[in-house]
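Peer 1: Numbering (full-length UniProt numbering), first residue to last: 1 to 148.
Calculated directly from the structure, the hints in this document are not laboratory data.
Given the structure is predicted, the values throughout are model-derived calculations rather than measurements.
Since no wrong hints were added, every one of them can be taken at face value.
In silico SDA-like cross-links for lysine to any residue, where the CA-CA straight-line distance does not exceed 20 Å:
{"#": "1", "residue 1": "Lys68", "residue 2": "Ser78"}
{"#": "2", "residue 1": "Lys123", "residue 2": "Leu133"}
{"#": "3", "residue 1": "Lys93", "residue 2": "Ile105"}
{"#": "4", "residue 1": "Lys113", "residue 2": "Lys123"}
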Amino acid sequence: MNDHLDPNAINNRNNNEEEEEEDIDIYADLCDPIDCIAKQSNPSNIESISDPSIDEIQVYGKLISYEKEIKNLQNENSSLREENENLKSNLSKANHQIKVLKTNISALYKTAKLELDRRQQEKQNLQNKYDDLIFKRIKSATNNLLVD
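Produce the complete structure using the sequences and hints provided.
Peer 2: Now the structure itself:
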């Protein structure tokens with residue numbers, strides 16, 4: 001039989017091919033989105049894909065550990081912020097004290113310099129009085145010697 005020449009045989013063959021095409025799943029090679037994500041995150045753990053409860057436990061376990069880590073980091077962050085504020089406050093107080101001390105030492109230096117100048121002037125006045133007194137005694141003694 002030459003069915004390749006028979007038009008009925010050709011029609012039957014076309015119908016069979018159409019039925020086969022309808023039965024073919026063109027998306028069969030694509031994976032389920034959940035399976036694909038699991039394969040990408042851990043390709044060696046294929047068994048966990050078939051058992052979602054184990055995968056969920058692992059995810060929730062990691063989530064809990066991440067939450068603990070986040071809480072610890074937040075506590076550390078808040079303590080560091082508090083320490084930073086304390087250090088800023090101490091620095092501000094120290095800067096204020098330095099400013100006060102600079103003002104005080106400047107005033108003390110000026111006062112000491114004025115006192116030194118005043119005493120120097122007083123010493124000079126006393127020296128002049130002494131010289132005058134000595135000069136008067138010598139003059140008086142000389143006059144007494146001449147008069148006698």
